[in-house]
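Asks: Chain by chain, the residues run as shown.
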Amino acid sequence: MAASIWKRCVTAAVKVKRLSPSLTARRWMLSAAYTDTNAWESREKDPHNLAVLATTMDRTYNRNLPVSSLTVSRFVDNISSREEVDQAEYYLYKFRHSPNCWYLRDWTIHSWVRQCLKYGAREKALHTLKNKVQYGIFPDDFTFNLLIDSYIKDGDFKSACSVVEEVMLQEAFDLPSTRILSLHALASYRATRPQLTVPEERALGASLLVCGLRQDDTVGLGAQLLGNALLGKVEMLEGIHAVFKGMPLFWGRGYLDRALAVMEGVASASGDVKLPKDALDDMNDVLQELSSSSDSDSSGAESTGEEGEEEEEEKKKKEDSFDEDNLAEQAKLPQYVSRFKELRSQLESGGKVDPASFQASVAALARQDLAAAEQPDLDQYLIRVQAWQAENRQLIQREKETREKAEQEKEERKERLAAAQQE
Amino acid sequence: MVKKKRLRLIAEMARKIRAYRELKSRPRDSQKYALDYESMKRPFTGKMLPVLAWQDVRRENRLFSLLAGMRLFGVGRLFTRKSWLEDHAEPCYWQITKVKVDYTAENMDHGKAWGILTLKGKTEAEVKELDKVMYHDWRLVPKHMEQQMKDFQPLPEPPVRYVPFPPLLRAMMLAQHKKATGSIMAEEPNLPLKRDVLLNKDYFRKQEQEMQRTQGTPV
Numbered sequence: 001m002a003a004s005i006w007k008r009c010v011t012a013a014v015k016v017k018r019l020s021p022s023l024t025a026r027r028w029m030l031s032a033a034y035t036d037t038n039a040w041e042s043r044e045k046d047p048h049n050l051a052v053l054a055t056t057m058d059r060t061y062n063r064n065l066p067v068s069s070l071t072v073s074r075f076v077d078n079i080s081s082r083e084e085v086d087q088a089e090y091y092l093y094k095f096r097h098s099p100n101c102w103y104l105r106d107w108t109i110h111s112w113v114r115q116c117l118k119y120g121a122r123e124k125a126l127h128t129l130k131n132k133v134q135y136g137i138f139p140d141d142f143t144f145n146l147l148i149d150s151y152i153k154d155g156d157f158k159s160a161c162s163v164v165e166e167v168m169l170q171e172a173f174d175l176p177s178t179r180i181l182s183l184h185a186l187a188s189y190r191a192t193r194p195q196l197t198v199p200e201e202r203a204l205g206a207s208l209l210v211c212g213l214r215q216d217d218t219v220g221l222g223a224q225l226l227g228n229a230l231l232g233k234v235e236m237l238e239g240i241h242a243v244f245k246g247m248p249l250f251w252g253r254g255y256l257d258r259a260l261a262v263m264e265g266v267a268s269a270s271g272d273v274k275l276p277k278d279a280l281d282d283m284n285d286v287l288q289e290l291s292s293s294s295d296s297d298s299s300g301a302e303s304t305g306e307e308g309e310e311e312e313e314e315k316k317k318k319e320d321s322f323d324e325d326n327l328a329e330q331a332k333l334p335q336y337v338s339r340f341k342e343l344r345s346q347l348e349s350g351g352k353v354d355p356a357s358f359q360a361s362v363a364a365l366a367r368q369d370l371a372a373a374e375q376p377d378l379d380q381y382l383i384r385v386q387a388w389q390a391e392n393r394q395l396i397q398r399e400k401e402t403r404e405k406a407e408q409e410k411e412e413r414k415e416r417l418a419a420a421q422q423e
Numbered sequence: 424m425v426k427k428k429r430l431r432l433i434a435e436m437a438r439k440i441r442a443y444r445e446l447k448s449r450p451r452d453s454q455k456y457a458l459d460y461e462s463m464k465r466p467f468t469g470k471m472l473p474v475l476a477w478q479d480v481r482r483e484n485r486l487f488s489l490l491a492g493m494r495l496f497g498v499g500r501l502f503t504r505k506s507w508l509e510d511h512a513e514p515c516y517w518q519i520t521k522v523k524v525d526y527t528a529e530n531m532d533h534g535k536a537w538g539i540l541t542l543k544g545k546t547e548a549e550v551k552e553l554d555k556v557m558y559h560d561w562r563l564v565p566k567h568m569e570q571q572m573k574d575f576q577p578l579p580e581p582p583v584r585y586v587p588f589p590p591l592l593r594a595m596m597l598a599q600h601k602k603a604t605g606s607i608m609a610e611e612p613n614l615p616l617k618r619d620v621l622l623n624k625d626y627f628r629k630q631e632q633e634m635q636r637t638q639g640t641p642v
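Chains as they are written, first to last, in the numbering used here: chain G, 1 to 423; chain S, 424 to 642.
Treat the hints as calculated values from the structure; they're not laboratory data. Some hints could be false.
Distance windows between CB atoms, simulated [to be verified]:
(1) S:Lys555 with G:Ala418: 55 to 61 Å
(2) S:His511 with G:Asn100: 37 to 43 Å
(3) S:Met471 with G:Ala331: 34 to 40 Å
(4) S:Leu578 with G:Gly265: 27 to 33 Å
(5) G:Asp216 with S:His511: 28 to 34 Å
(6) G:Ala331 with S:Pro473: 30 to 36 Å
(7) G:Asp257 with S:Glu611: 54 to 60 Å
(8) G:Ala420 with S:Asn623: 53 to 59 Å
(9) S:Tyr460 with G:Asp285: 35 to 41 Å
(10) G:Arg416 with S:Val620: 54 to 60 Å
What you are looking at is a predicted structure, and each value in this text was computed from that prediction instead of being measured. Glycine included, C-beta positions come from ideal geometry on N, C-alpha and C.
Use the sequences and the hints to build the structure in full.
Replies: Okay, here's the thing in structure tokens:
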């Protein structure tokens, strides 16, 4: 499996020279140097028998004693087949539900994701990432980049977007490479025009917003606009609590207001910032949809009297959760529509609308900045690998010392017992 | 002649064993604070939550429900409470420094946390245990709002005003001073309108200890 990934890297390394603007399935982002597994594989190994480690861990759990993070990291490092990936998942679950759950090491998480990618268990990695509460998998930036890239390489933008959602929940958009990759995944996913349910729209909007807030140029502002628009739509349909529950979002009402504020900011800014045209189009669509649905709601209220009991209860619950503030927001909708029209004409007259689509501008950004952004990441990563190895050695040392001390004490106790028996 | 009290060693031992067993069978946080969302009852005690809290319980999260999904259980992040957002206009938040999670909970939903409180813009100096952790009232402060919250400068407090003592008390104080030192008190005794001392459990306990030290035990 590793050999086939290596071959794909090599063939794709040839492709990256021809900057193909077409977005076929083989489009990929990170260079071969970034996704290279050599740096990781070349660190010193600590071979252990998985069965022995498993029995030790089972015994420790049965005796209600805490399992050390070193044992778990050794188990994950020594995975050598697909079935063992499943076993490791079980032990990660058990470790998370033990007193030592805080001490799950960064390198264990990194090596878990690497092993999943190596043995083709990418869905497993995604599953543990989605259930991070149960497994305790909180990858760092480099690992996130690797995972997103592997999904983009295969053109699976939906899963790439779910990984980006996880990055958003961790608010880990610190590195420019992460931001570029996530924006690319989100833009490509939107370009496929999927049918989204309201929770999916909320997740997409939230990822766009949180990513765009860290990015300061056309692409970032477009992402902020789109994110605010989608979240405003969810706010109108479901209420503000449905927007920020479980997500790192601000609890203030008026997401559409904030979207319009972004547009105003761009219109009044003196620099060269622009907004992508299709972001404005999408915002227009959102506003039209909301105003048409609110019109049909108010006119269709009488005709829904014959609906079944369940639906009535649901509607009532929804109305209870819609307190006065939500209704006030809905009342502002025509205002928003008119303000949007004004601001849009202002932007167009000011020449601040970028005709390239959001996706194309993200791709252009990627071409320019990704290579530059990768180098410091790689250096950071190598330093981090060294630090992890040093910590690993320290842990092994400490374990040896405690074991020696325990044996010494046992022997002393035996001698004392033997001496007492002799007397 | 009082009969000497019998040494009941076995009863003593039984008492110690009962205390130990009670200590060992203390319910874990996850058992104590578990909640049935349909009937709004706690399965451990069978008690129902107050009615005014029901809407909050359905809509908001406990602190550890938020912490469970965060790296390092959210150490170093800021958390507000919805009741503070409604009651105070100035930002109030806790910054988490230490977390002890109850690992027997299925979703790592319960535990204890320690942190630094900032009430109405005034940050305290020391780390304290977060109270009301199990209330369904907590909200995460997203990173893009953190700076806004921290930047808030509270208004300086107005200076403490002083007021003369009531006349009888003033006369008593002056007389006591004259008896103790023999000279007349130079300046007028003033009563500050703001008490420095917070009247809580620690204060009264300290007072009792001081009294015991100075006066000794009876007999």
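Asks: For every hint, state whether the structure bears it out.
Replies: Hints and how they fare:
The supplied range of 55 to 61 Å is met by Lys555 (chain S) and Ala418 (chain G), whose beta-carbon atoms lie about 58 Å from each other. At roughly 39 Å, the beta carbons of His511 (chain S) and Asn100 (chain G) sit within the given window of 37 to 43 Å. Between Met471 (chain S) and Ala331 (chain G) the C-beta distance comes to about 37 Å, which sits within the given range of 34 to 40 Å. Separated by about 30 Å at the C-beta atoms, Leu578 (chain S) and Gly265 (chain G) satisfy the suggested range of 27 to 33 Å.
The beta-carbon spacing between Asp216 (chain G) and His511 (chain S), approximately 33 Å, falls within the hinted interval of 28 to 34 Å. With their beta carbons about 33 Å apart, Ala331 (chain G) and Pro473 (chain S) fall inside the hinted range of 30 to 36 Å. Separated by about 58 Å at the C-beta atoms, Asp257 (chain G) and Glu611 (chain S) satisfy the suggested range of 54 to 60 Å. In this structure, Ala420 (chain G) and Asn623 (chain S) meet the distance hint of 53 to 59 Å, their C-beta atoms being roughly 55 Å apart.
For the hinted restraint 35 to 41 Å between Tyr460 (chain S) and Asp285 (chain G), the CB-CB distance of approximately 37 Å keeps it satisfied. A beta carbon spacing of about 57 Å between Arg416 (chain G) and Val620 (chain S) agrees with the range 54 to 60 Å that was offered as a hint.
Hint compliance for this structure: no hint is broken.
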